[in-house]
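Colleague: Listed below, chain by chain, are the residues.
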Amino acid sequence: MALLTYIEAISKGLWEEMERDESVILLGEDIGKFGGAFKVTKGFLDRFGEERVIDTVLAETAILGAATGAAVVGMRPVAEMQFADFVTTGFSQLVNNTASIHYRWHIPCPMVVRLPSGAGIHGGPFHSRNPEAWFFHQPGFKIVAPSFPHDAKGLIKAAVRDNNPVIYLEHKRLYRHVKGEVPDTDYTIEIGKGVVRREGNDLSIITYGATVHQALETADAMAKEGVSVEVVDLLSLMPLDTELILASVRKTGKALIVHEDNLTGGIGGEIAAIISEKAFEHLDAPVRRLGALDIPTPYSPPLEEFFLPNAKKLTAAARELAAY
Amino acid sequence: MYRLTNEQYLDLYYYMRLTREFEETILKLYRQGKIVGGAYTGNGNEATAVGSAFALEKHDYLFPMHRDMGAHLVKGQTLRNLMLQHLARGNSLSKGRDGTGHYADPPLRIYGNISHLGAMVPMACGVALASKLRREGSVVLTYIGDGGSNVGDIHEALAMASVQRLPLVLIIENNQFAYSTPVAKQKAMEKYSDRAMGYGMPGFTIDGTDIEEVYQVCKQAVERARRGVGPTLIESVTMRMHGHSAHDGADYVPKELLAEWRKKDPVERIERTLIERKVLTPSVKAQYEEKIQATLDDAVRFAVESPYPPGEEAVVGVYAE
Chain Y
1 MALLTYIEAI SKGLWEEMER DESVILLGED IGKFGGAFKV TKGFLDRFGE
51 ERVIDTVLAE TAILGAATGA AVVGMRPVAE MQFADFVTTG FSQLVNNTAS
101 IHYRWHIPCP MVVRLPSGAG IHGGPFHSRN PEAWFFHQPG FKIVAPSFPH
151 DAKGLIKAAV RDNNPVIYLE HKRLYRHVKG EVPDTDYTIE IGKGVVRREG
201 NDLSIITYGA TVHQALETAD AMAKEGVSVE VVDLLSLMPL DTELILASVR
251 KTGKALIVHE DNLTGGIGGE IAAIISEKAF EHLDAPVRRL GALDIPTPYS
301 PPLEEFFLPN AKKLTAAARE LAAY
Chain L
1 MYRLTNEQYL DLYYYMRLTR EFEETILKLY RQGKIVGGAY TGNGNEATAV
51 GSAFALEKHD YLFPMHRDMG AHLVKGQTLR NLMLQHLARG NSLSKGRDGT
101 GHYADPPLRI YGNISHLGAM VPMACGVALA SKLRREGSVV LTYIGDGGSN
151 VGDIHEALAM ASVQRLPLVL IIENNQFAYS TPVAKQKAME KYSDRAMGYG
201 MPGFTIDGTD IEEVYQVCKQ AVERARRGVG PTLIESVTMR MHGHSAHDGA
251 DYVPKELLAE WRKKDPVERI ERTLIERKVL TPSVKAQYEE KIQATLDDAV
301 RFAVESPYPP GEEAVVGVYA E
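Chain order of the listed sequences is Y and L. Each residue of the first sequence is one higher than the last, beginning at 1 in this note's numbering. Each residue of the second sequence is one higher than the last, beginning at 1 in this note's numbering.
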């Protein structure tokens, strides 16, 4: 067991998978000697060589297309987008080609697309995206979004071993701000399963990624007010752990769905629909959603702060929902 | 020069003739309403498709486009499988999930195209990358049209392929029209092969109706790629003798242009040459015609008698196990 940051846990998981299986290769911009924009692959070049740690041309379509091609002939490529925002320039490859390969061709396409995502680092409109909803809508992807180092390692290892294209969302603000115990052992976290981070009885906060930490703060704050909040950390967005969501809502009768992605068309809408279809008679209040505002991500700190969800906004929403 | 034996010449002829007859049959079936979606032919492109694929070894990879039916055939695809694809049957290679040449056949190392032009070339780079890493010595051959060559995917793929020295050969099939748009509205430079210079790779422009030239240049490019030297760009100049697809009468193509190109019909060209050289005798020609007709009849019958997939099968297989 070691105390690792979120980013160290991702690196560790990747490293272990590359040691374990030589069909695992990395493709991305600046990932070789430089170690990647965020240093996830620092030291990888020296250990695994430039044939497996491939510093590519600056061309997202080429990276994602090449990863797809390598995957269908038996490699296990992990493609790094320097920022999640830039996956859009390779979007056609992923949604038109990669996602439906198994459906059309009946052969696996085992690849991982690592997306350093999320706002709150003053990245402005082009370095702050939460792109999960785009991929959520396209059948064929699996999507994971760890919130703690333990899961970051377990999920990257599971993603590498999965026989499908996995979108791995790694929140940039968590990279060095979150630390946790990470076992040295070879373990994976099952894709498609979430966890209850905090048990509670009065209302459920259903969330993933960076906002899990805000939800936990909210649970602490609400506990002082005598409200017992359950925090459901989805970990996987596709497949979605509907049983876990429904079990929690059936117990507490109230649901607050939170994500950092902007609200309209976000995954929260789908979760709200599932709850209302399958747990309506257990609800004691309308389902609440909280996300970022429906605007592009602004740059200046006060604007960005106004735009994003935070523990204060979550607590206010939870308080309101508890009182309903 | 790579010498071709008489037997190989006859193979080339057979595959070109087979391609032509297969596509004529597809058009007939289309008019009979038996083809589920669109029907595309490569009439005029047979020498390019057949001659290029003929330069491959069994362990090489093929990423054909929709005018390259001859390449599928040379690589070993059966008429039955191709017919099943066109008729959207449950026992087709894609199990009815997609049509025409849109399938993969890993044992034959054929990976069909998707409809987004250019999308397969970055993917072909990935296969070439895997081949290089695993020291397979396998080459990837792929194609794009004159119009499709403008899609950004092509630029990105060639940038990657040239820098990584990937074992890749890209043929730009300049068949004068991208749907209705003449090639003059697709490029400002003289030759598509001029683009190769921008990637630091060799580029050639060839007469795509001349099977010998196609084969020679493609074979050199394939063997160069196999030696690990890097990719090659080949512009094959041909003519799209039919419309974009079967529904398209192609009124926008000048009649004189078609008449001019008809003189260079690739199938007739090789036939004339082989008859002149006394390689193709009337009896061999008759044998081939009989064999082609029998194979086609069998494929049509087999496909027509094969069932569609059951509707509920639609939900199976979005994910791999």
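These aren't lab readings, by the way, just hints derived from the structure by calculation. Where a beta carbon is used, it is the ideal one built from N, C-alpha and C, also for glycine. Do not rely on the hints blindly, as some may be mistaken.
[As the list claims (entries may be wrong)] Some chain Y residues near chain L, calculated using beta-carbon distances under 8 Å:
1. 73
2. 92
3. 164
4. 282
5. 285
6. 286
[Stated by the list, open to error] Here are the computed distance ranges between Cβ atoms for each label pair:
7. 317(L) to 243(Y): 48 to 56 Å
8. 184(Y) to 179(L): 27 to 35 Å
9. 91(L) to 201(Y): 52 to 60 Å
10. 122(Y) to 191(L): 26 to 34 Å
11. 243(Y) to 134(L): 51 to 59 Å
12. 243(Y) to 251(L): 58 to 66 Å
13. 7(L) to 106(Y): 57 to 65 Å
14. 2(L) to 50(Y): 32 to 40 Å
Colleague: Does each hint hold? Answer for all of them.
Modeller: Structure-based check of all given hints:
1. Restraint check, residue 73(Y) versus chain L: the minimum CB separation of about 5 Å is within 8 Å; hint holds.
2. Interface hint at residue 92(Y): satisfied, since its Cβ lies 6 Å from the closest Cβ of chain L, which is below the 8 Å cut-off.
3. Here the hint on residue 164(Y) is kept, as its CB sits about 5 Å from the closest CB of chain L, short of 8 Å.
4. For residue 282(Y), the interface hint is violated, since its Cβ never comes within 8 Å of a Cβ in chain L; the closest pair sits about 29 Å apart.
5. Because the closest C-beta pair between residue 285(Y) and chain L is about 35 Å apart, greater than 8 Å, the hint is violated.
6. The beta carbon of residue 286(Y) comes no nearer than 32 Å to any beta carbon in chain L, farther than 8 Å, and the hint placing it at the interface is violated.
7. A hinted range of 48 to 56 Å for the beta carbons of residue 317(L) and residue 243(Y) is inconsistent with their spacing of about 23 Å.
8. For residue 184(Y) paired with residue 179(L), a C-beta distance near 59 Å fails the hint of 27 to 35 Å.
9. Between residue 91(L) and residue 201(Y), the C-beta spacing of about 55 Å keeps the proposed range 52 to 60 Å intact.
10. For residue 122(Y) paired with residue 191(L), a C-beta distance near 49 Å fails the hint of 26 to 34 Å.
11. Against the hinted window of 51 to 59 Å, the Cβ-Cβ separation of residue 243(Y) and residue 134(L) comes to about 41 Å, which falls outside the hint.
12. Hint check: residue 243(Y) to residue 251(L), Cβ distance near 60 Å, so the stated range 58 to 66 Å holds.
13. Residue 7(L) and residue 106(Y) have their C-beta atoms about 36 Å apart, which leaves the hinted 57 to 65 Å range violated.
14. One distance hint, 32 to 40 Å for the beta-carbon pair residue 2(L) and residue 50(Y), holds here, with the actual separation near 34 Å.
Consistency note: the structure conflicts with the earlier hints numbered 4, 5, 6, 7, 8, 10, 11, 13.
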